[in-house]
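A.B. asks: Top line first, the protein sequences correspond to chains A, B, C and D. Quick note, the working numbering runs 7 ahead of the 1-based positions in the first sequence. Quick note, the working numbering runs 129 ahead of the 1-based positions in the second sequence. Quick note, the working numbering runs 1319 ahead of the 1-based positions in the third sequence. Quick note, the working numbering runs 1321 ahead of the 1-based positions in the fourth sequence.
It should be emphasised that the hints constitute simulated quantities derived from the structure, not laboratory data. Predicted model only: the values in this text are computed from it and were never measured. Beta carbons: idealized from backbone N, C-alpha and C, even for Gly. Among these hints, one or two may not hold up.
DEER-style ranges, computed between Cβ atoms [said to hold, decoys possible]:
1. A/252 <-> C/1395: 20 to 30 Å
2. B/537 <-> C/1395: 48 to 58 Å
3. A/213 <-> D/1463: 32 to 42 Å
4. B/356 <-> A/161: 34 to 44 Å
5. A/115 <-> D/1448: 38 to 48 Å
6. A/65 <-> B/309: 17 to 27 Å
7. D/1526 <-> A/309: 48 to 58 Å
8. A/83 <-> B/537: 25 to 35 Å
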Amino acid sequence: MLKFASTRLLSAIPTLFIVSVAVFGLIRLIPGDPASLMLGDLADADALAAARKTMGLDQPVPVQFLIWLGNVVQGDLGRSVLNGQPVLDLVLHRFATSAQMVLIAVGLSVLIAVPLGMAAAWRQNGGLDLTIVALSTLLLSVPTFWLGLMILLAFGLKLGWLPVLGYVSIADNPVAGLIYLVMPVLTLVLHEVGIIVRMARASTLDVLRLDYITHARAKGMSESAVLLHHAARNAFGPTWTLIGLILGNLLGGVAVVETVFTIPGLGRLIVDSIYARDYAVVQGCLLFVALTYLLVNLVVDLLYPLFDPRVTAE
Amino acid sequence: MSLSRSLLHACLSSVALALPGLAMASTLTVQITADIRSSQPGINRDAGTDSVMLNVVEGLVAAGEKGEIRPMLAKDWSVSADGKAYTFTIRDGVKFHNGETMTAADVEWSLEKLIRDPEFSCKTFFDGSRDAKVETIKATDDRTVVITLDRPDAMFLNYMAQAQCGSTGIVHRASFNGDGSWKAPVATGPFVFGDWKRGEGLVLKKFADYSITGDKPDGYGGRKDVLVDQVKYMVVPDTATAVAGLRSGALDVLPYLPPGEAAKLKDEKDFTIVAAPHGGLVTMLFQTTDTLMSNVAMRHAVIAALDTPAIVDSVTYGLGIPNNSLVSSGSLYHTATHDKGYVYDPQAVPALLQKAGYKGEKIVILTNRRSAINYDTAIIAQAMLQSAGINAEIEVLEWASQLDRFNSGKYQIMAFNYSNRTDPGLAYQTVVGSKAKKPNTVWDDADVAALVNKSLQEADPEKRQAIFDDLHARFLDQAPFVMLANGLDVGVSGPKVRGYRTWQGFARFWGVERSE
Amino acid sequence: MKRHQPNRIIGGALLSCFLGAALVGRFWTPYDPMRLDLRSKLQAPGAAHWLGTDEFGRDVLSRLMAAAGTSVSISLITVFFAVLGGVTLGVIAGYARGWTDRIVMALNDALLAFPSMLLALALLSVTGANMYGIILALGMAYTPAMVRVVRGSVLSLREREFIEASRLMGNSAAYTMFRHILPNSLGPVIVLATSMFGSVLLTESALSFLGLGVPPPAPTWGNMLASARPHIAEAMWLGIFPGLCISLSLLGINLFGDAIRDRFDPRMRGL
Amino acid sequence: MSQSLVEVDGLSLAVGGPSGHHIVRNVSFHVQPGEIVGIVGESGSGKTMVARSLMRLQPPAIVVSAGDIRFEGRSVLTMTGKALRAVRGARLGMVFQEPMTSLNPSMTIGRQLEEPLKLQARLDAAARRAHILDILRRVGIRDPEGALVAFPHQFSGGMRQRIMLASAMLLKPSLLIADEPTTALDALVQREVLELMLDMVRSEKTALLMISHDLPMVARYCDRIIVMRQGEVVEQGPVAEIISRPGHDYTRELLQSMPVRGPLRSVDPAAKPVMEVRGLEVEYRAKAGLLAPKTMKKALHGIDLAVRPGEIVALVGASGSGKTTLGRAIAGLVDASAGRIFFAGEEVKPDSQAWRHYRLNCQMIFQDPFGSLDPRMKIREIVGEALRHDQQASRAEKEQRVRGILEEVGLDERYLNRYPHELSGGQRQRVAIARAVVGRPQFVIADEAVSALDVTVRAKVLQLLADLQRRYGFSCLFISHDLGVVEQLADRVVVMRDGAIVEQGNRDAVFDTPQSDYTRALLSAIPTLTRTETGVSLAWRFANSGEAGASEAPAKALQ
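Looking at chain A on its own, in the form it has when it is part of the complex:
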């Protein structure tokens, strides 16, 4: 397993290299640069040149890339041109914020969606099944920025139960931190439940067809025991892989939800940094996001044998 993990990590290096080249090139292809943004309509040629020089943008792009790469290898992701903070600190701090929200949301989604999906599969084609399928499809198709605003208006404004905006880190104050997370998490949960229910239903249907389910019934087990002890774990495998993909994608930041609920997370940092042409931050973030994605999927693969002992981490 160790060997598998290390091989996978090694094989991620070329991928990460491609990511860095792509990010570096892509962001420099975008018109506009941080110098002109800082100067706004005051810009003239001299001022721009001077600002670019202090930002290190006067060098040819390949040279900039090599300098950056050299620093990255030594663990230095550079500093933000926007506010001079070390990119690594910035990324880690923002990631922690996004991650706690995403992990809670995905965790809850799984807890809700998997039983629903299983119930739908168990009563395939029944009223319950049709309702669950239709509802999950509907949830899937409401844009999160819209859903988020509705939730904000309902719980924050109309009912006044929850703070409309602001953010407190769970680390600083666990109770308050959780309260601020309720609405963003709810938004994410409603969306992800839609996706996971469909997968859980499909994989449960596959499993329910198999003989060991009949075998379990033949042993005299009750329906709930059959579903819980025999179907659940085996049906969870494909869902688990999907969860990995969802996590990998969401941990890169949920820019929209973070914008709606004023959460200072990684997604908003990336979007803001793209808008601000904060090259070092965009590069650092996307490299980090790619690494996270690869790591999450590695962890998912390493844990897969828990749900299906036939699969060994090879």
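Fit chains B, C and D to the given chain A structure using the hints.
C.D. replies: Only chains B, C and D this time, still in chain A's reference frame:
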């Protein structure tokens, strides 16, 4: 149900006590759409940063309500006969936030450090590349500072007071770390720079030892009474969320609101809308070197097709005042001459188009989504141009990309806002120049450039008035771009807030009260 | 055997409804969807404007009908490019294996490691927000998933006996590829494509929300929804109708997609 | 007569509600305590659904539309859920066909065996464990302690079926239902598992209801037989009576379909071989272990084999013997690591000119008629594709040949434009045969070509293959694990084990006087069949010997 409801409330309110920012001290909570770039005034800044930092720092002089220069840290000043030496006498007993009393030596050190900093955003105002060069800054005694220039410069004090220059604010040595890097501002303003959580917001605290001067608030000068314990800025990028926050009481002031949003809140009694035009320009720029737009008849055709008052009315939801002159509507120089503007005359368009030899070529209007005014202007203008037979299309760019196009001059028509220019001369200076030297220049005319320079060096108001009248006539004749209105900043304050006003687009928090 | 019959019918009905609206919308709408009427801004649904007017006084129904065409074609073309790219690269990687496979998959993983939304955002900043930019950006963002699916399907098909049978008949690799492997890998491709179709609609909407969607005045459901957001309090209809269009068309596509999946899934067919 | 253990009375089953399509009609039978009864039928006969409905375990879409099932005097159909669950497992045990899917892959053997004990017996944990270890030992698991914490995939198919049996017999039910319990297993393992099962039911006095398509097997072990076809019972009675004097045409047809040895054809032993391999070896890269370096594993050890013109050579052996690998290596689907292949006396090397000629003259029929036909092509395209590289024939001629050969395999014009999934298994295999022979190859490899087919269909397809072979005179390498079929068809038999040839010779020599124990063990699994006037009589060779090659490696991973 009601029991559980009240339990929930009890639970939440006990939590609320624990929440920072909801503590009992009187706190004014203010939206900012983006985090500040740095806490170092004049260096690494943008308009939002200036707006926050100018509550913390002060310069020797400040801009007054109408753009005139007022004393701030300087009690008064004198200019030598040759116009090259400025002698400032600083006020007694002004305290820095760390409790130390400000001396002339502090001023010398601070100005020297800022003006010579290669990253100073107003470097070109003071190094001779635009106007005069600052030769020396000397503290001649404990209370006197002398600044000498290489040539006379009528705008020098204006530059000193500019917000983008951080009002050339005076900071204490303790603002820097031992290695010379920036730490945090230790300045003289009415608010002390407090806790800054990057990406979330920051807190300014009342400065108890602030030395009050003047008798009433006057722009960035005058009397500054702090009536709250602290101002808490929260980064809320989404307008709809911010409005919800205002309604729920989580936010007290939204200093910058799209006019459309403000218009909706206008009729609700709880909210106070503050709208004030400033010296900025709301425009649609023409690229006069473009094959199509270089034709004056074409530009006149476009202008004739636009019902500019209707556009202004619509994009500002009735809050803005149409103004086709670069002399801002609030300016002393805005006389009846400057009320003469464009004539909406769709019937005249076909003739003008024919004269211009227009054959239905596509014209692209660039705009962005960051400014609701730019965006709406482009949409309405496009519809008006289309119906007048001009084949206009819209391209929406992300703001930085549009700025890049602006700076390189690569566009046909562009909806664009200039930031606040306090003096009409500065407004003309911004748009006039040589495209060869500076591609983001809009109006490239040597005679006009000479006139603009003259206006900047002229101190006599009557002579200046004549120059501005002449410039406006030429502006209408040459139509280098469409001037729609002056910049408009709309803010809103919540039910508990008293005394919040907006001025020149800045959010100042002295003189603002919050009732509990 | 006849699984989810009602779902399939509902799905088909919804889809044909929207396609019909898109088709009609190309030739006729109650009002000119682009015409501003600054005097009748934000009018609630009524006799004159069945679905109300927007913040520029444009007729919402007309815009929805016009938008159907734009939205549907953006989705269709994007998915088409994702399928084209995905099938080409996936087939090459799956069939060639070895180094070609490794290089294609390393590139693909790199693309996949970006959240698709952010990739689209960055690409759109380069190309500028226009229909072609969106198609390019979303096409690129969606291609990697398609490559993976096609490659997986090709790899499993390679082991099937009818592929060996083709080799035994003396057929070349290229022939086997196009005649046997390609047509048989289309099932999962179609399934993924239907889900992508809906996802494009949503992503385009989210991009509009972040400021980079299809530029006005051309309406899409996505940019209508995004620009309705500030008016949610006093003009709910501005958001509800385009939102309903997206939701219902997505529902239609998903239900229909399930039916297609059943049709293409050999296990389902065996039942 | 004592009360019957099971009484099925006029049972009808329908899909999707009582008025739906009937898959079982008016079935009645009974099982006495301790009796061993077999239900025989081909696919679609409804035998499995009848068996499952005894425990009310049929899929939810299938409902009982008429009739009654009584177990120990109580109606199964009207039992409450609780009562039913008390009967399941405790009084009624079941063994399923597919050992790969009938045990939960994510649960240890120990827990799966413990479940029914927990539910139905009042035993403490220690007693349960002792009981489970005891039964695992009885079914022949060598390391019962280790098995408790092992997962199903760590066992071979035979071992899993033993575990299934242990699970079903754990509570000493009064009836064991075994649904095709050994069909998925190798002939050798099949017999071991069956005999173990019979030992156990006999010693526990448990009645056994065995469902199978394999008439000889049922005949060998059962007291009574129930023959089903298309949802109906056509005949039932004591084994000896049904076998020797079948009362129904269908039963007769089943018996007729059983392979029987024909006269031995003479093949000129001096004739130059059409196809010959010398010293053929195939190596696989063994999966590298955690730290172990990659190693090569030999699947074939220096095989010499020749097939003469017009000869049918059968390649037999248990699974894993290398017979399929040999066939695929000869066809060029697997690269040989050593050795040479000759065709018509000339050596063929991959990618040579001779190879191309060989390629078109050596065709193959695969086992799985689902997998070997491209599901997206019409029948005419599938068969026509084999003529793609024939430059001489015109389009019209090719079309003519396609139609001709399809007619020969018994598929008329209506089938030309159909897709494989619209055909039955037998029809598909006919298409596969048509495709293989339409190009008039000189050599055909048939890899388990009839193994997946029903008995009656198999007989017809075999007959077809034999007819075509006679007509076109191609040589054939017939790979099969089914010695009955081989006995009917082959001229010469080659026995393989562990990648090497154990024995070869003409059919009669190998079948009548096998030289190796391994061959003898293989032969002991099939009956010798003699047709009598009214039916058949069955006899078994080497009934109590030949265990030598039969035992399998314990806990050998199947993957």
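A.B. asks: Does each hint fit the structure? Answer for all of them.
C.D. replies: Verification of the hints:
1. A/252 <-> C/1395: 20 to 30 Å: Roughly 25 Å apart at Cβ, these two residues keep to the hinted range, so it holds.
2. B/537 <-> C/1395: 48 to 58 Å: Since the Cβ atoms of residue 537 of chain B and residue 1395 of chain C sit about 36 Å apart, the hinted range of 48 to 58 Å is violated.
3. A/213 <-> D/1463: 32 to 42 Å: 34 Å, holds
4. B/356 <-> A/161: 34 to 44 Å: 35 Å, holds
5. A/115 <-> D/1448: 38 to 48 Å: 42 Å, holds
6. A/65 <-> B/309: 17 to 27 Å: Taking Cβ atoms as reference, residue 65 of chain A and residue 309 of chain B lie about 23 Å apart, which means the hint holds.
7. D/1526 <-> A/309: 48 to 58 Å: Roughly 50 Å apart at Cβ, these two residues keep to the hinted range, so it holds.
8. A/83 <-> B/537: 25 to 35 Å: Holds - the Cβ-Cβ distance for residue 83 of chain A and residue 537 of chain B, about 33 Å, lies within 25 to 35 Å.
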